[in-house]
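Novice: Could you build all of it, start to finish, from the sequences and the hints given here?
Protein chains: 2
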Amino acid sequence: MPVFLNTKDADFESAFQALLGAKREDSPDVDDTVAAIIKDVRDRGDAAVIELTSKFDRQDLTADTLRVSEDEIEAECAKVPEDARRALETAAERIRAYHVRQVPEDHSWTDPEGATLGWRWSPVSAAGLYVPGGLASYPSSVLMNAVPAKVAGVGRLVVTVPTPDGVMNPLVMLAARIAGVDEVYRIGGAQAIAALAYGTETIAPVDKITGPGNAFVAAAKRRVFGKVGIDMIAGPSEILVIADGDNDPDFIALDLMSQAEHDESAQSILITDDADFGRAVAEAVDKRLETLERRAIAGASWRDFGAIITVRDLDEAARLSDRIAPEHLELCVADAEGLSDKITHAGAIFLGQYTPEAIGDYVGGPNHVLPTARSARFSSGLSVLDFMKRTTLSRMTPGALKAIGPAAETLAQAESLEAHGLSVRARLDRLNES
Amino acid sequence: MPVFLNTKDADFESAFQALLGAKREDSPDVDDTVAAIIKDVRDRGDAAVIELTSKFDRQDLTADTLRVSEDEIEAECAKVPEDARRALETAAERIRAYHVRQVPEDHSWTDPEGATLGWRWSPVSAAGLYVPGGLASYPSSVLMNAVPAKVAGVGRLVVTVPTPDGVMNPLVMLAARIAGVDEVYRIGGAQAIAALAYGTETIAPVDKITGPGNAFVAAAKRRVFGKVGIDMIAGPSEILVIADGDNDPDFIALDLMSQAEHDESAQSILITDDADFGRAVAEAVDKRLETLERRAIAGASWRDFGAIITVRDLDEAARLSDRIAPEHLELCVADAEGLSDKITHAGAIFLGQYTPEAIGDYVGGPNHVLPTARSARFSSGLSVLDFMKRTTLSRMTPGALKAIGPAAETLAQAESLEAHGLSVRARLDRLNES
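These protein sequences, in sequence, are chains H and S. Take any residue in the first sequence, count from 1 to its spot, add 2: that is its number in this note's numbering. Take any residue in the second sequence, count from 1 to its spot, add 2: that is its number in this note's numbering.
Don't take every hint at face value.
Computed far set for chain S versus chain H, every beta-carbon distance over 12 Å [stated by the list, open to error]: (1) Phe6; (2) Ala38; (3) Lys41; (4) Gly47; (5) Ala49; (6) Phe58; (7) Leu63; (8) Thr204; (9) Ser267; (10) Ala277; (11) Asp306; (12) Glu420.
To be clear about the criterion: a stretch of chain S counts as covered by chain H if any three or more of its residues have a C-beta under 8 Å from a C-beta of chain H, and this derived list gives those stretches [unchecked claim]: (13) 80-92; (14) 379-389.
Derived by calculation from the structure, the hints in this document are not laboratory data. Even glycine gets a Cβ: it sits at the ideal position worked out from N, Cα and C.
Specialist: What follows is the structure in structure tokens.
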């Protein structure tokens, strides 16, 4: 049973705070292990990666077989059924069409003092995408990371994916190919992150690493942050559905379960202004949990972290939503756009009853890599901007330097940075001489 | 003496790699201390902050005096000389005018399938700006952090600044006031970062923390990353000047020294296509080092990390520059814009001989918080975007869901996420019924 809350209840605030504060994930402390692995890869390169892959993935590689060959990729892609291939292509096209609109513009202007100012954007030269092996090896995530990188103009895009016992996921290989990935290596874990960050004899280093992974991968990403760029460290997935009574309880139940089935630590919350509807959804969930393939996982998530909150009105729902700052937010109400305008903190918003969150996981177009654990308060989903950086530009004319140089000199003196001031003063003196 | 390199020399590549790889900073390992401080502040709130401030800053505070009162700020501001006040106002206006242009636009469109897609930006609700005490307490940095936050629309902007022995920096207080800072607390170190991230009885928590600090502050920011957003961890400052022989050696010497005087770990590099000019700059540096107030610091930086590199031509200079990926890049050549177009990785570019880097530190307009230690390969200077986040939006019509829903269902099945597929299928079945 999920927790049932009602904002009219006297103890609502403490119960809601308990829900917000629930610790859903116990990350094992693997930092020492990861530090040792990174050092080993830095010291010994390929040899370390090969040994660790033999140990963890039971696969004996050589420097020549670390990389998945074009022929192998071709062979894997050929195994994908035609309908799945077409679906991946549809997804890639739609993700590309959305992300192309994110490509930022350069700007340049001349200000009243005559200074020319501006900035320009450029892609990172090389990016690495970590793809987990096993159950969580999702071709859709390959597209969601690789397509924005390629849209950004990343020249060299590398995928690492562990293939324990030599088993590859044909859909992952096809997604990599469709997205234009340049190199694929059959390695995983902290050793893959270390190889991407520092390079080995066979694997050239990259500048930015994105993609989800287990505790070892997350710890390794934290450690190499600074040497390379990384994306956010993702926590378990979450959905908040705000629905009025005019919805099919089974639709909403399925939306809640589509997060819950990811992970026992996932969280699904319904906020409704109709208590009867809330009970109907709870019943619909129970019914679905009788037959869902992943009912053990979804049931545990729903039991431990699920919640149904009854509110007085939708304005109250919006305020609670901003406190939750959900990764995914479905608005299944008559005026979804109007309600959306009242909400500030959310990774992605899905409007109306025909926009189940699962559409956004695959083919909607927006990215499905989104801020979890209330981090939508300060961060955004993955985008083209994550694979680009901005260089600012300025040019002073003699006139501009005369106009604003003295202020710089004054501030340099106030900060006791004499050479800063002199570098301006020497030029002003020259200009005043002539 | 700095190191002199010439790309024509046989050992150039190894010498250049040594320069790139030079370890300029030994961060002490303060992680355990910082972890304990953060835990203490989380457990005991104000009481812990007050004790730690007494211990480290020799200042006895109460919950009532943690915050600097409006009267105190007023009194400090009144101490600032008129020319410095005007210079700060000029700087703030120019920084604001530049950053206003960075405010991103929202987008929304309807695609051929009838889906409405888009995104919108919103500011973080509350941001904290760490300002160091003592020597590195720069009012210009207050402006560079606070102005973009206010331009972004941050509702609550908090400054923490340690005031050891009760000594405040009037210019810092005035910069905070000019930039529109809402609250100022006289605390510093890891305890300030912990208070900003987790809150205490007196200090409400923020969502994002920016600003420079010592090793304790940097370690604390790394630790609270995820609970709140942080900016990049800044390393020692750097400048690369690319200059042809048609420059005044003393101007270039002063520009090199204006980084070197920051810190013994700072790095100043000149690349020139004129070996004689390089030697003339070295002589001009030596002359300036005889009299500069901070000659001990600047001299050590120049001796240990300075370099003058002679190249065959400016194309070679551009290629070396991209390998250095400098924080600051001055282009003092006849066609600075043309050379700039050949460069991809740099935090900020200053064009022409009348644009000394120091202009950018204070009044140019672009931000002076820039990526160090080669991180311009993958990251950007501080901007309005650092105080905003993006929410993606999507709405499917029945027609759009019919068009793309089946592809989502196929991919959900391929990823063994049954509820994902069913959440789409249930709606498609309903639509097909009607």
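Novice: So, for every hint listed, does it hold in this structure?
Specialist: Here's how the hints hold up against the structure:
Look at S:Phe6: its CB is around 21 Å from the nearest CB on chain H, clear of 12 Å, so calling it non-interface holds up. Listed as outside the interface, S:Ala38 is consistent with that label: its C-beta sits roughly 16 Å from the nearest C-beta of chain H, beyond the 12 Å cut-off. Interface exclusion of S:Lys41 from chain H stands, the closest Cβ pair being 15 Å apart, more than 12 Å. No Cβ of chain H approaches the Cβ of S:Gly47 within 12 Å, the least distance being about 16 Å, so the stated non-interface status holds.
Every CB of chain H is more than 12 Å from the CB of S:Ala49 (nearest about 22 Å), matching its label as outside the interface. Against chain H, the non-interface label of S:Phe58 holds: every CB pair exceeds 12 Å, the least being about 23 Å. Distance check on S:Leu63: its Cβ is at least 27 Å (rounded) from any Cβ of chain H, clearing the 12 Å threshold; non-interface status holds. S:Thr204, annotated as away from the interface, keeps every beta carbon of chain H farther than 12 Å; the closest lies near 20 Å.
For S:Ser267, the shortest C-beta to C-beta distance to chain H comes to about 15 Å, beyond the 12 Å cut-off, and the non-interface label holds. Its beta-carbon lying about 23 Å from the closest one in chain H, S:Ala277 satisfies the requirement of being farther than 12 Å from that chain. S:Asp306, annotated as away from the interface, keeps every beta carbon of chain H farther than 12 Å; the closest lies near 17 Å. The beta carbon of S:Glu420 sits about 5 Å from the closest Cβ of chain H, which is not more than 12 Å, so the claim that it is off the interface is violated.
With a threshold of 8 Å between beta carbons, the proposed coverage of the segment 80-92 of chain S by chain H holds, since 6 of its residues qualify and at least three are required. Figure legend: the segment 379-389 of chain S, annotated as covered by chain H; annotation consistent (7 residues with Cβ-Cβ distances under 8 Å, at least 3 required).
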